[in-house]
Amino acid sequence: MGKFHPNVDKYVVSRVRALESILLDRGILPADAVDRIVQMYESDTGPQYGARAVAKAWTNPTFKRRLLTNSTAALSELGLEYDQLIVVENTDAVHNLVVCTLCSCYPWPVLGFPPNWYKSPAYRARAVSEPRALLKELGLEVPSEREIRVWDSSSEMRYMVLPQKPDGVDGFTEERLLPLITRDSLIGVATPLPAGGA
Amino acid sequence: MGKFHPNVDKYVVSRVRALESILLDRGILPADAVDRIVQMYESDTGPQYGARAVAKAWTNPTFKRRLLTNSTAALSELGLEYDQLIVVENTDAVHNLVVCTLCSCYPWPVLGFPPNWYKSPAYRARAVSEPRALLKELGLEVPSEREIRVWDSSSEMRYMVLPQKPDGVDGFTEERLLPLITRDSLIGVATPLPAGGA
Amino acid sequence: MDGIHDLGGMQGFGPVIREQNEPVFHAEWEGAVFAMMRAARARKIFNSDEMRHAIERMDPAEYLASSYYERWLAALTRLLAEKGVVTEAETGARPANRARRRAPAAGESQAVVLDRYSTAQSSFRSSNAAPAFAVGQTVVTSNERKPGHTRLPRYARGKRGVIAAQRGTHVFPDASAHGLGDAPQPLYSVRFEAAELWGTGDVDTAAPVYLDLWESYLATVAGPGGDRG
Amino acid sequence: MDGIHDLGGMQGFGPVIREQNEPVFHAEWEGAVFAMMRAARARKIFNSDEMRHAIERMDPAEYLASSYYERWLAALTRLLAEKGVVTEAETGARPANRARRRAPAAGESQAVVLDRYSTAQSSFRSSNAAPAFAVGQTVVTSNERKPGHTRLPRYARGKRGVIAAQRGTHVFPDASAHGLGDAPQPLYSVRFEAAELWGTGDVDTAAPVYLDLWESYLATVAGPGGDRG
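Those protein sequence lines, which keep their order, are chains Y, G, Z and C. Counted from 1, the first sequence has number 171 at position 171 by the working numbering; the numbering is strictly sequential. Counted from 1, the second sequence has number 122 at position 122 by the working numbering; the numbering is strictly sequential. Counted from 1, the third sequence has number 113 at position 113 by the working numbering; the numbering is strictly sequential. Counted from 1, the fourth sequence has number 4 at position 4 by the working numbering; the numbering is strictly sequential.
Take these hints with a grain of salt, some might be off.
[As the list claims (entries may be wrong)] List of simulated lysine-lysine pairs, DSBU-like, C-alpha gap at most 30 Å:
1. G:LYS119 <-> Z:LYS83
2. G:LYS165 <-> G:LYS136
3. C:LYS146 <-> Z:LYS146
4. G:LYS119 <-> G:LYS10
Simulated from the structure, these hints should not be mistaken for lab results.
Isolated chain Y, as found in the complex:
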């Protein structure tokens, strides 16, 4: 609901219902499509594939190299056919941040649905021109000497951040690492959770 549409909901709902009934009548929308799609996405959403890829990269250097240089091959090892992903690695010298200023492009196959803040005009406007100040507002202080690379998703290529491994997780299995790897850390607006934090 738009901030400035005080009564938008009823109006929007009635337009959606009307369009839905027309598309059902014409056979464009199968009768069960809405329910099935909603059910499917509500039960199967989030950054599972992305987190799995990162956990594996943290524990397996050759997988990490593949993920960074040929993500299609790396993701297919996880059972995902996806040829549009570029994975960018955070280091002590470089922090990466993903945005789409022109619309809201986002790597759905690996991260699930984009959160509303990612699609907001404020994020889209500010991430490119004042990333460090924005990240600080969001609770992530990136040292001034560390370069922030902002990836503005202007093509069909999609971006995911490979965050730095938290301290104290040496010897953790992929399964123990997984809960530390939040969606926000894969966009670049947060770091993974600390070892004891999940």
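Please build the complex by placing chains G, Z and C on the supplied structure of chain Y, with the hints as guidance.
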């Protein structure tokens, strides 16, 4: 009323009334100010000074020269103390158009209140980048070989167009010329009315 | 600031609609807003640059959804609050129908019902400094992205133009809008060719734009046309 | 087009607010819009570039006042009308409560309930043409102001950058959004320094932006750093 504020009027009116009562109580707004200002502007608005200056320029070459080079002196001959006006002359080689892209600056002392279209985002956005197409939409075809100079009012200087004199008005007095000189012709979105047209 | 107000060159707004026989005010409240703005300005509660900047600071969605006098109302309310004259809580709490105009005392509104223009409002300032740029000189505009008020539109940022006229010395809005005084500077009329502003596409090359720009917005360019050729 | 959607670098939007435990859909109608968009795309009624351009063509005030799925609804309604599938009159005339989902037939929605990603959606295209630009080369972006869809943001128009990577050959959105086919072109990742994009003011110089740009957006620059130094 904003296009997308379906019920804005009541809300705005109540905010205006509340603010008005506070400013009256504090003595910032004199009791009769609203009525007097509204009455004054509703009875005394429009491009009287601008049209008068143009009519005089059309009939008096030395006044025209003063108007174009020292408008302050020229306007003071008409009883108006105003030191911020630049008058730009339309010729067979140049057509002039006035806009304010950043807000809605307009030469109120000579043209009265700006019309709503002058203050609209559409006019402010398009006048600078596609003036010829915009003027054509508004019914004024400017030949492609004629330069259109767009004056974007970015400072406190204000702009008024000196339009070309219509055909067939040689020997007309200032009083007969006045009704031909429309507000829109002084902004540059129209030509003056034809000799028989007023 | 690169705010929503900076509309020059934006696409997607559709046609310009002219209203026939447009009234001075479309509703009574518009006249009241106009009068209140006049009164606040006459009392020197804020200046015109502060008022413009208050409009620029509106939420962008609200800016575009608002009419002209709704923007004035938003700026007026905000500035009265920022200047400590009327808090936003007061405006919100006041019952809507309390405004009752007292019977006017003769002459009371004199200080507020201004002349249509007073030379006290002039932006001209005297100066001993000679302008740095001459008519005919090629200049390039600043590419600086300022957080505050400025009068160099985004479409003319980092662009080359030619000085068309010197306009005297004027109050500098980038200072005046932020309580930093008049800080007067030489002002110039600068001509920009359409291809410089709008690029190499389907551009009407016979449609230059003239902007009035302050000296600190401008820098010299090597050679008559500059090093870009 | 230089539309309202082109938000990069704009100021005045305020803080980014993150919702805790955000649901996939905030209301039932959002899920319905999502499903209808999926169905229309699966039926190849329009492509993703046409969809983006339909959103860009919204009235700017409505764009900013709308939520994400309201924009999808606006684009969907517009494209279905433009493609002659459902007229806007039909959508308006249809009683609001007529949508009654029939009992689903098993497997019926298979064609519509797509996998999360299908390589049929890939933007890659095979090509024999060698890319014109090499990694490390300095390029300058086009300053062309297009009336239609483009993926070169306004903030990066007429700017210098360095080729950071070659990305293969991809469908060209400026063609694809306008029924002009795939018209594939080499794509590059281009790095732009912050000072080039945002000027000389209070700029965080250690915050470059990387954009994926098609070959026709780019031109060579004389010398390694170009003639601007």
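Going through the hints against the structure:
1. G:LYS119 <-> Z:LYS83: holds, 27 Å
2. G:LYS165 <-> G:LYS136: holds, 20 Å
3. C:LYS146 <-> Z:LYS146: holds, 27 Å
4. G:LYS119 <-> G:LYS10: holds, 23 Å
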